[in-house]
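So the sequence lines, in the order shown, correspond to chains A and B. Start counting the first sequence at 18; every next residue gets the next number (the working numbering). Start counting the second sequence at 5; every next residue gets the next number (the working numbering).
Because the hints were derived from the structure by calculation, they are not lab data. For glycine and all other residues, C-beta sits at the position ideal for the given N, C-alpha and C. Keep in mind that the hints are not guaranteed to be accurate.
[To be verified] Per the computed footprint, the stretches of chain B lying under chain A, defined by three or more beta-carbons under 8 Å from a beta-carbon of chain A, are:
no., stretch
1, 10-17
2, 46-56
3, 218-230
4, 240-250
[Unchecked claim] Ranges between beta-carbon positions, derived for each pair:
no., chain 1, residue 1, chain 2, residue 2, range
5, A, K287, B, W265, 31 to 41 Å
6, B, K14, A, A217, 35 to 45 Å
7, B, D184, A, A217, 19 to 29 Å
8, B, K81, A, S186, 56 to 66 Å
9, A, P101, B, A93, 42 to 52 Å
10, B, A216, A, Y94, 31 to 41 Å
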Amino acid sequence: MNLDTDIAGIKLKNPVIMASGTFGLDYARLTDPARLGAVIPKSVTFEARSGNPAPRVWETTAGMLNSIGLENRGVTYFVEEELPLWLSLGATVIASIAGETIEEFVRVAEVLSEVEGISGLEINVSCPNVDRGGIQFGCRPRLAADVTTAVKNIANKPVIVKLTPNVTSVTEVAKAVEAAGADAVSLINTVLGLAIDIAAEKPALGRVVGGLSGPAIKPIALRLVYEAAGAVDIPVIGLGGITTSSDAIEFMLAGAAAIQIGTATFVEPKTGEKVVAGIDAYLREHNYDNVTQLIGKARL
Amino acid sequence: MTERHLTQDKLEIISNKVVGDRFYRLTVRSHSWAKTARPGQFAHIRVGTGLEPLLRRPISIHGLDDRDAVAFLYQAKGAGTAALAAMRAGEAVDAIGPAGNGFTVDARYKRTILVGGGIGVAPLMFLAQAYRAKGTAVTVLLGARSKDCLTCLADFKSLGCQVTVTTDDGSEGHRGYVTDILEQQISAGPGPVAVFACGPTVMMRRAATIAALYDVHCEVSLEERMACGIGACLGCAVMTTAGYRRVCADGPVFSAEEVVWIG
């Protein structure tokens, strides 16, 4: 079965990508990253960031809220210490970039462009858990486009822009970043939410609000992927609550050229491998010979 | 730090029995876990097969029953642990681990004092087993709300530990907090002595303060809301003198002096 996937020149052995912030190196003890389409490690900023106060996670009905706050050790650490380990495991790596300013996005992209072994860049303009630079860019089509243009000017590899669901019109943002030169879009990042800890009679998360992920958000994500895929000509990567291969196939039928898995890995570390196997079985059962035949097939 | 053996396994349940006020003792059959687990480590257990509750639950390793049997102790206080409590002998639990770093087990300590509050007693039994196996004197200070919330007393005694109990309501042992008697216990015998604490934050913080006062090594096992359980999501971060660190992968055991106590 042919699962080969090409996202704007990024060659993947299958359409299953591990979402940023959810797949760390320790998972390589429990599942084989080389069998996955790609891995997107946690977003990197130029300098190290320490992240948000605890509690940072809270379980909700069929989902979870998080407010990590882009904690990471900075781009130099990523390039020197983390990337080589991913590559030695045989993973295809797409690097996720975050920043507080357009200049920071550019500086990180500049460093990553000089590195061998990174197949593409994903611009995170959709983190809901920081005061500057995350969702503040992703909510405004003009700013999202400006970040995209700036990164595209310096980057020597395909650029994916990761979009937020916390907007009135996702198609407006998708079209804006496409016009600015984005090679693909991925969506959705987490949905802004809140939980109250009734034992403490206080917000459950240290930063009050957080991003909702997990199976609970899948219908929201699917609707937004469907809309975005109808609005742009560049590839759309779908994510948000994907837990099984059936979920992944839904996203592809809605128009996604590839999918990402996030929270489901916390529940079952082998979810990625299982989804690959499940897509393969589905294609055989329905007499397809190529996974690309699924893309957008359910669109009306 | 020795290389960690972290695996995902279906562990066959030998028994899963109530042993106190909502306290359950779960034992599973696994030679590899029994061989590699260290005191202070935990298992990240999937408590159901569906999507609700979604996340795994970190459950402390309570000790080894024999060379093929590992015990866990947990309190059924929410939907996740209630689902775990409903599991029966013969079924299998999906567990990732042994996870986390574990307590220091070092023969140079002449005495160890284990301070446990509530369900915090869970990992201390395994630690008591390890120190007793080295011939080290082990004093256990157990604190609970009331008599009904005390568990494992007999198990500690059968290991040859000296056990002192405090309850908030005076229904058993001394009335008061377990840390009230820590000070006299530290000075009650020869050194070097080490203090290991697991329980409510106020208890651990108090134990840490007293240990520091006597210049005694102290380790605490911290708890924080956890998602992935293996260091990927950074959800269970706690503040330390070295910045945020992950309870699941850098802990759950921290040297008391590196913990920045909040609140």
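Structure-inconsistent hints, enumerated in ascending order: The structure conflicts with hint 8 only, although it agrees with all the remaining ones.
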